[in-house]
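**Q** Residues per chain, in single letters:
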Amino acid sequence: MAMDQAITREGTISAYHRMTRRRVLILSVIGLLSLLVFAADISTGPSNLPLAQVWAGLFDPASLTMPQLTIIREVRLPYALMAILVGAALSLAGAEMQTILNNPLASPFTLGVSSAASFGAALAIVLGISVPFLPTDWMVPINAFICAFASVLLLEFLARSRAAGVEGVVLFGIALVFTFNALVALIQFVASQEALSQLVFWSMGALNRATWSNLGILALVMLVVTPFSMRAAHAMTALRLGEDRARSFGIDVARLRFASLLRISALAATSVAFVGTIGFIGLVGPHIARLMLGEDHRFLLPASMLTGAFIMSVASVGSKILVPGVLLPVGIVTSMIGVPVFLVLILRKPERV
Amino acid sequence: MTKMLSHGDALRIEGLTTGYGGHVVVDALTLAPMLPGQVVSLLGPNAAGKTTLLRALAGLHHASGAVRLGEVDLLSLPLADHARHVTYMPQSLPQRVALTVLEAVIGALKASPIAGEPLSGHAITERALDVIERVGIGHLAMEGLNHLSGGQRQLASLAQALVRQPRVLLLDEPISALDLHYQLRVMKLVRALARESGMIVVMVLHDLSIAARWSDRIVLLSQGRLVTDGPPAEAITAQALADVYRVAARVRADADGLHIVIEDTL
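First to last, the sequence lines map onto chains A and B.
In terms of the numbering used here, the first sequence opens at residue 1 and continues consecutively.
In terms of the numbering used here, the second sequence opens at residue 1 and continues consecutively.
Bound-form chain A, shown alone (with noise of 0.2 Å):
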């Protein structure tokens, strides 16, 4: 541990500035790919309406057709808005999961939010059970919010309860993957065909369920929530080092979990409700924007929001394009493209932060 003479407080600081601006940089790249990405998702669909037609179509509606206008209007808009939304908030949902439970498997997929969406889902499709007086095409999407919803507060009640500490949470969560899996397949199993392949095809998660007025439901919520977890972003990065350590720096860190895990339901089952499983971004985004930003959660938080954007827009260009003429579900994209990313990014030798 030789003093290093060479080192100076002024470069110290020079140092610690550029810092901050590499990451103010870093940011805001990733939100132009993002940008560009959108770009690309408008443009790109079966029907042939490249990008200078869907440009006219929002700020010149006169120079297209009817059904062109539609085509913008309803499809390629609302899905490219729904994968920018959900991977923001099923990321930003993983990031802090990760954060507060302290284990970076964690994950709203991991931890059997997902499988209770499919549950819920499951007894909207093949059962007909749901909360009486719906409409039937809120019966699912409210079936899916309710179980989700549940099964974070299961997790909730486990992570308050002291005796079972944050591993015991963790092994909670990986419990109810497998009891609401076991369920759906007991459900897939007395299903007719006709609802089974309905299930099935919900559970792959996709993005043509989105619609206005999901759009709205999902942005609001996500409006309400980003502002708490911007305002508990030094509380969580005073987490990261250690519970015992926070705490005596004055962090309520129970508190803080619970509202985490709130904030975490309320993003993860409206995401799930809207456009069925996609399991890989909450796992995924908050790492990748760890290994570029660090840990700082200031930058965390956003850069996780924005990561998972991107990859959940490049998962639908791709789920259009890679197979020429159908439109596969995005569900199955995202894991193809992350699965090598991630791959790369934590065999690559670590970087300095």
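Keep in mind that the hints were calculated from the coordinates and are not lab data.
Glycine included, each C-beta is placed from N, C-alpha and C at the ideal position.
One thing to keep in mind: the hints can contain errors.
Claimed, not checked - Computed footprint of chain A on chain B, listed as stretches where at least three residues anywhere in the stretch have a Cβ under 8 Å from a Cβ of chain A:
#1 56 to 67
#2 97 to 110
#3 136 to 142
#4 203 to 213
#5 220 to 227
Stated by the list, open to error - Covered stretches of chain A, as calculated for chain B (at least 3 residues, CB under 8 Å):
#6 8 to 20
#7 51 to 61
#8 242 to 254
#9 293 to 300
Assemble chain B onto chain A, guided by the hints.
**A** Only chain B this time, still in chain A's reference frame:
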């Protein structure tokens, strides 16, 4: 900023009982008041209740009895208020955290407000760097915690605790991973800071000689009870060491301090 030192700001521990679940670890412990500027070392064999006592003082453990800092009843304070007066440095700092030393120390300042000090971003950076330099890791300020050795992480951890400038600093084995140079450096620094600011330092140590040389007071615990409490030369005696650690020792005090030679186990 030098604070007025007085008995009024002493840390008083009376009838303190604490433990895990139903298991009592520290039983009705009463200690003489710890005075501002004093460095107090907690010694004792494994499972004597040293860390538990420290954690109870830090507000991390439920405890009954009384812990008062001046007029403030620490046991009844919510964590955020408690943290204005007391900072606790746990034994370990997690290894795989992608934060630089400077970020981690700044994070300690920003985690919760410190009494009456809304600092600017610039002032926070300066204050963090001051502490990092005093601890002796100025050259590592921009290094990631996940690239540091165990000893370097321990120094970063100490910097985090010091930067909050608490009135009571609780250190759990602060030098366990350090080489000889940094062991002495840390002990010197902690004592100097206590003298400068009137901070009360309570730490758990295992090395008797280091404790004897750098502490104003030694509190020797065994099985959650007080064995001896006093200046090193009074608290560390052959008899006390035989009782507590079951070792045969010779203890000699002279102008250079306390010389402790352990001869054999009993």
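**Q** So, for every hint listed, does it hold in this structure?
**A** Hint by hint, here is what the structure shows:
no.: 1; hint: 56 to 67; in the structure: holds (count 3)
no.: 2; hint: 97 to 110; in the structure: holds (count 10)
no.: 3; hint: 136 to 142; in the structure: holds (count 6)
no.: 4; hint: 203 to 213; in the structure: violated (count 0)
no.: 5; hint: 220 to 227; in the structure: violated (count 0)
no.: 6; hint: 8 to 20; in the structure: holds (count 6)
no.: 7; hint: 51 to 61; in the structure: violated (count 0)
no.: 8; hint: 242 to 254; in the structure: holds (count 10)
no.: 9; hint: 293 to 300; in the structure: holds (count 3)
The structure fails to meet hints 4, 5 and 7 from the earlier list, while all remaining hints are met.
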